[in-house]
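A.B. asks: Could you put together the complete structure from these sequences and hints?
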Amino acid sequence: MFNLTPKKTVHAVHDNDLEKVLSRLGLFNKFKNGELSCKFCHEGISIKNLHSFFPQSGSVKFACDDGECVRALHAFLEDGEIDL
Amino acid sequence: MKEFSDFLKFLVSLQLPGIVIGGVVVAAVLFYFPEKIEKWSVLLWRVVYFLCKRGEKKIITHDIQGRVNSYIKSLRKEIPSMNPVGVSIHWVSDGEDFDDFVKGKTLIIRMKHHADQNRNFVYASMVFISKTLLRKAKKYLSKTQRESFDLFVGRKLFEKEKPEIADHFFEEYFSKATSSDKLMELCEKYELIDKTGLFYPVLIQELTFFGEKVFYQARADKMIAEIKGFIDFLYNYSNRVVGDDETPTNFEGAYQRCGIVIIAKRIKRESGKVSPYVNYVEKLVKKRLENIYLIGSAVDENRGFIDTVSSEIQTKFKYYQGAAKVFKAKIKNPIGERIDADNYLILLRSPTSQRVYDAEYQYQYIEGADTVIDASQEGTSPVASS
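Going down the list, the sequences are from chains P and Z.
For the first sequence, this note's numbering gives the first residue as 15, with consecutive numbering after it.
For the second sequence, this note's numbering gives the first residue as 132, with consecutive numbering after it.
Treat the hints loosely; a few may be bogus.
Partial pick of chain Z residues on the chain P-facing surface, computed with a CB cut under 7 Å [said to hold, decoys possible]:
#: 1; residue: V218
#: 2; residue: V223
#: 3; residue: V233
#: 4; residue: T237
#: 5; residue: M242
#: 6; residue: A246
#: 7; residue: R277
#: 8; residue: K456
In case anyone wonders, no lab produced these hints; they're calculated from the structure.
Don't be surprised by glycine CBs; every beta carbon is placed ideally from N, CA and C.
C.D. replies: Here is the structure:
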């Protein structure tokens, strides 16, 4: 399809690929065992509440789907700490 | 749409064979309405998924891209100088280079099965809005101001593109986010400003211009206070009843300087004299107002009169036309009831807008001048009414 409008890319991972992607990052076992926590609220990350993940200082951080954490994530985006 | 119908008329006038016309029309639809094609393709992929369980990601991708890009296209008409970007979904799989990912800054959001597409749509749209809406201006806004714009625009997007989830958005996202009184108060003000049709063409437009300016300082209290003052100015203006000459129509901040000129009282229009308006605008020009919005009823005779006033201002003061549009508004009649009106707006821009705020300018006009940015202190238009 033709579309000349400039685009901003949103990177996404589908649930079907999540295991493979987290395995490549060496984090799937930790994820499965409930050893990962949200960067913002420090609650455990699981398949029930995972919103997104991003790199920071050489490691991968996770954000849960709690409203406050999603807002904090947006502030991170706006401040340029992370990008799309 | 008009461009497309003009193109079709041109095509028919060429008297080409039917198959050629058919091919050109298909290509033109793809060119003019890619977002509509994306929306339709979601239905196709749903059928494919139903029949053979394939196309899961296509459903999610085209649903998000089609709806968000459709809304972005409508924004381009609302705010011609904004140049908003569209969205494109890139699926991350195990074939990516994850060494680069860990060194970079890229956010990856998780998407559920398309049965949960409303959730996917809300989360993808909101990260997109946070990153792209008022991208340049946001670094000068407070956290609450930034968040309020994201939430309000998000809500407008969902109301237009997926009205069935607007309620869900309120419950799951908006109500939690608006637990802050300040945030709630700002969103309520935008609601009223939007009611009078000025949220996008004036508020977001002015913030877009604001973002284009170059400041040699990061977020500053004065800028945040000025934006607050500007929002209050538009809020008060939106509460104005027809015929009220007291409500301020100019905003003369240190960084943002604009005025609204309401045109026209019937008696003035019928006299055919543009000079009262031009003379008033001359005062605004002397006050270094950078953007002047001519607003009035869109009925033919008034619209023609506004065009004449605009031409005269452009000739006399070398202001240039930044936008012209007809928009829906709910204005207050003299007894305070909201009534529907078709309004017409022309934005005139100064050829000498202040763009770079260096230390010298800062001292001369801002620090040294002890600028007053309280909108309630501003003078009112002697020609305001209608």
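A.B. asks: Now tell me, hint by hint, if it's right for this structure.
C.D. replies: Hints and how they fare:
1. The restraint placing V218 of chain Z at the interface with chain P holds, with a minimum CB-CB distance near 6 Å, inside the 7 Å limit.
2. The interface hint given for V223 of chain Z holds, since its Cβ lies 5 Å from the closest Cβ of chain P, which is under the 7 Å cut-off.
3. Interface hint status for V233 of chain Z: upheld, as the beta-carbon distance to the closest one in chain P is roughly 5 Å, under 7 Å.
4. Because the smallest distance between the Cβ of T237 of chain Z and any Cβ of chain P comes to about 6 Å, under 7 Å, the interface hint for this residue holds.
5. About 5 Å separates the beta-carbon of M242 of chain Z from the nearest beta-carbon of chain P, less than 7 Å, and the hint is met.
6. A distance limit of 7 Å between C-beta atoms decides the matter here; for A246 of chain Z the minimum to chain P is near 11 Å, and the interface restraint is violated.
7. Checking R277 of chain Z against chain P: minimum C-beta separation of about 6 Å stays under 7 Å; hint holds.
8. The interface hint given for K456 of chain Z is violated, since its Cβ lies 20 Å from the closest Cβ of chain P, which is over the 7 Å cut-off.
The structure shown violates the earlier hints numbered 6 and 8.
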